[in-house]
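Undergrad: Letter by letter, the chains look like this.
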Amino acid sequence: MFVGIDIGSRCIKVVALNGSGIEDFQIADTGFNPYERSLGMIKPYKAKRIVATGYGRHFAREDFADEVITEIKAHAIGTRYLFPNCRTIIDIGGQDSKAISLDENGRVIDFQMNDRCAAGTGKFLEIMARTLGFTIDEFGSQCMFADKVIRINSMCTVFAESEVVSLLAKKEDPKSIGLGLHKSIVERVSAMVSRIGVNDDIVISGGVGRNPCIKMLFEQKLGRKICAYIYPEIAGALGAAIAAMSGSYLNSC
Amino acid sequence: MTDYREMWKSLGLDLEAHDQLLAVIPQIYGDIYLSQEGRPEGMSYLDFVMSEIHGLRVKELNDLRASGGKVIGTFCLYVPEEIVLASGAVCVGICGGADWPSDEADRVLPRNLCPLIKSFMSFKLAKVCPYFESSDMIVGETTCDGKKKVYEVLGEYTNVYVMHTPQMKDGTSRQLWRTEVEKFKNKMEGLTGNKIDSDALARGIATVNAKRAALKRLNDMRKAVPTPISGKDALLIQQVAFYDDPIRFTEMVNKINDELEKRIAAGVGVADKDAPRILVSGCPMAIPNWKLHHIVESAGAVIVAEEACIGHRYFRDMVNETGIDTDEKLDAIADRYMKLDCACFTPNKERLDNILSLVKEYKADGVIHYSLQFCDPFTVEYASVEKTLKGAGIPVLKIETDYSMEDAGQLSTRVEAFLETIRETQGVVM
Numbered sequence: 001m002f003v004g005i006d007i008g009s010r011c012i013k014v015v016a017l018n019g020s021g022i023e024d025f026q027i028a029d030t031g032f033n034p035y036e037r038s039l040g041m042i043k044p045y046k047a048k049r050i051v052a053t054g055y056g057r058h059f060a061r062e063d064f065a066d067e068v069i070t071e072i073k074a075h076a077i078g079t080r081y082l083f084p085n086c087r088t089i090i091d092i093g094g095q096d097s098k099a100i101s102l103d104e105n106g107r108v109i110d111f112q113m114n115d116r117c118a119a120g121t122g123k124f125l126e127i128m129a130r131t132l133g134f135t136i137d138e139f140g141s142q143c144m145f146a147d148k149v150i151r152i153n154s155m156c157t158v159f160a161e162s163e164v165v166s167l168l169a170k171k172e173d174p175k176s177i178g179l180g181l182h183k184s185i186v187e188r189v190s191a192m193v194s195r196i197g198v199n200d201d202i203v204i205s206g207g208v209g210r211n212p213c214i215k216m217l218f219e220q221k222l223g224r225k226i227c228a229y230i231y232p233e234i235a236g237a238l239g240a241a242i243a244a245m246s247g248s249y250l251n252s253c
Numbered sequence: 001m002t003d004y005r006e007m008w009k010s011l012g013l014d015l016e017a018h019d020q021l022l023a024v025i026p027q028i029y030g031d032i033y034l035s036q037e038g039r040p041e042g043m044s045y046l047d048f049v050m051s052e053i054h055g056l057r058v059k060e061l062n063d064l065r066a067s068g069g070k071v072i073g074t075f076c077l078y079v080p081e082e083i084v085l086a087s088g089a090v091c092v093g094i095c096g097g098a099d100w101p102s103d104e105a106d107r108v109l110p111r112n113l114c115p116l117i118k119s120f121m122s123f124k125l126a127k128v129c130p131y132f133e134s135s136d137m138i139v140g141e142t143t144c145d146g147k148k149k150v151y152e153v154l155g156e157y158t159n160v161y162v163m164h165t166p167q168m169k170d171g172t173s174r175q176l177w178r179t180e181v182e183k184f185k186n187k188m189e190g191l192t193g194n195k196i197d198s199d200a201l202a203r204g205i206a207t208v209n210a211k212r213a214a215l216k217r218l219n220d221m222r223k224a225v226p227t228p229i230s231g232k233d234a235l236l237i238q239q240v241a242f243y244d245d246p247i248r249f250t251e252m253v254n255k256i257n258d259e260l261e262k263r264i265a266a267g268v269g270v271a272d273k274d275a276p277r278i279l280v281s282g283c284p285m286a287i288p289n290w291k292l293h294h295i296v297e298s299a300g301a302v303i304v305a306e307e308a309c310i311g312h313r314y315f316r317d318m319v320n321e322t323g324i325d326t327d328e329k330l331d332a333i334a335d336r337y338m339k340l341d342c343a344c345f346t347p348n349k350e351r352l353d354n355i356l357s358l359v360k361e362y363k364a365d366g367v368i369h370y371s372l373q374f375c376d377p378f379t380v381e382y383a384s385v386e387k388t389l390k391g392a393g394i395p396v397l398k399i400e401t402d403y404s405m406e407d408a409g410q411l412s413t414r415v416e417a418f419l420e421t422i423r424e425t426q427g428v429v430m
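Chains A and B are the protein sequences, given in the same order.
Note that this note's numbering gives residue 52 to position 52 of the first sequence, counting from 1, and the numbers run on in steps of one.
Note that this note's numbering gives residue 402 to position 402 of the second sequence, counting from 1, and the numbers run on in steps of one.
Bound conformation, chain A alone (with noise of 0.2 Å):
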């Protein structure tokens, strides 16, 4: 057994594969003690290597990993065992979101992440879903549909939350209020896609990819077609794992 395990920031993801494919795999919420519950969470498996990635990476290295990987590299490795032909990802996590560049052979060429600001991450809809009254899960498919869009000028999730509020106030349609935040949202992660070019397949992964009102605005944004795993939160551990496979990845960082 081969075990990659993602530890982000809200959730920790942890994919286990055998010889033919993905044998299992767990996504929990990181929790207050991420190392307790990574340990909890590889224990199940005799795993012969385990290769971590995401921003826990490096107290894994120090404990139980085998290797570690960046979150880029682990999302390209995953993304591309999913989807053969994928040249462009879109990972929107917990706290970061990137665009990342792939050549015809599946390798990194280029990729841009978010500055230190949660506006454009998973985070920002939790935030804003919770503000609303929606759950993270229907946030989405409620918003995709709203008779209008009403435009949210805030950069910043704070202020963000109180324009929110303040629309609310004013008895304005949560769908609509909803549908203008996941524009937002698609506009800051275009403007990284368009730093670094755009080449089909585009893949969305991360749990933001689970969205549908996002898909359908990066579509009509990008004038392209979007992929999605049915698990997109699992991309980064499934790299990691057929990383933790492969072990070609010993020099990596």
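Misleading hints may appear alongside valid ones.
[Stated by the list, open to error] Covered by chain A, per the in silico footprint, the following chain B stretches (three or more residues, Cβ under 8 Å):
hint: 1; segment: 399-411
hint: 2; segment: 415-421
[Unchecked claim] DSS-like, lysine-lysine: derived pairs with alpha carbons at most 30 Å apart:
hint: 3; chain 1: A; residue 1: Lys-123; chain 2: B; residue 2: Lys-398
hint: 4; chain 1: A; residue 1: Lys-183; chain 2: B; residue 2: Lys-398
hint: 5; chain 1: B; residue 1: Lys-390; chain 2: A; residue 2: Lys-225
hint: 6; chain 1: B; residue 1: Lys-398; chain 2: A; residue 2: Lys-221
hint: 7; chain 1: A; residue 1: Lys-221; chain 2: B; residue 2: Lys-127
hint: 8; chain 1: A; residue 1: Lys-221; chain 2: B; residue 2: Lys-390
Keep in mind the hints are simulated off the structure, nothing from the lab.
These numbers come from a predicted model, not from an experiment.
Think of the CB as a built atom: it goes at the ideal place given N, C-alpha and C, for glycine as much as any other residue.
Please build the complex by placing chain B on the supplied structure of chain A, with the hints as guidance.
TA: Positioned in the frame of chain A, the structure of chain B alone reads:
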């Protein structure tokens, strides 16, 4: 260790705040520097300098002042050190590489300003930089809008003299700068009461040229594979070049150079032969700004050169020593400084050419373009740097940051991913 508290008190430092500042440095220095393996023995001199960062050197400066000498504080390569030395005065770089006292600057400056400017203003307002408090005059320059305007604010707190630096390299700009050099010479004569004649200039030029030559020799050795000195150590040496007594410093650097020569002959290096070699290009990194170098080298790469003010821009060009009289020597000084390829110049193709040739000379596998937040000249110029490098097939990563550590996690992800792409193209393929 010597007790310098009386000296600091007499300089008017805020002792309590200063204690807090000094308490942080040994910890950081230990983690970043002393933890390195295989350092050249000569680095013990730099360890000593750092252990005395606000001590011995400040005492030397104040001993000089007690005997009538003057100290000139600077922030920029554009201030001609040769002239300062020729007047019998001493040049020191002023604190500006840390955000510890940053809240102080917020009282008088806008928030969205480059961290270097905010830092030096904070050091002044918080009274925690003994170099600031030991300076008889601060020499500013008009290299960017932020600094240009901040010198007006700083002037309310200390004696500031501003040199009008050109932003183009045509004939009129050269003339302007030559006039400024002359005016600065007169200013220094007035301040020190010493006449700056041709012999004094010759001595000043020789001293600074020797310092630049020692740094050039040091950096030339970083071209070796494996490189005999870490980027962090080399950065530190280049940072201390702005503080230390120039003659002693030159001697100590040349001792390190002798040691590095032996290392190269014996094939000894600080990193694996195949560790990615990185050129850092962009903004200056004042002491104790070691953040990027530490992140990059902790990720297994080695930094082989700095295309920056603390780096090649400082030592690359010498002042021509063949000038006969004062006028010719001032000409030579003016000409040397006109060669600087700071991003404040327009157009600035020289910088692009220099980056490309450094990549080649130092066998760099990739370039990290470093800019301080809100540094317009360097952040804007990144676009042409990127175009030039990508056009030549050289990987480049842009980093825009400040002195805080809040983005260290993100930066290390970016840097590590950049190194992964470099390693993959080198053949370590998944």
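Undergrad: Hints first: check each against the structure and report whether it holds.
TA: Hints versus structure:
1. 399-411: holds (count 5)
2. 415-421: holds (count 5)
3. A:Lys-123 / B:Lys-398: holds, 25 Å
4. A:Lys-183 / B:Lys-398: holds, 27 Å
5. B:Lys-390 / A:Lys-225: holds, 28 Å
6. B:Lys-398 / A:Lys-221: holds, 26 Å
7. A:Lys-221 / B:Lys-127: violated, 53 Å
8. A:Lys-221 / B:Lys-390: Holds: Lys-221 (chain A) and Lys-390 (chain B) sit about 27 Å apart, inside 30 Å.
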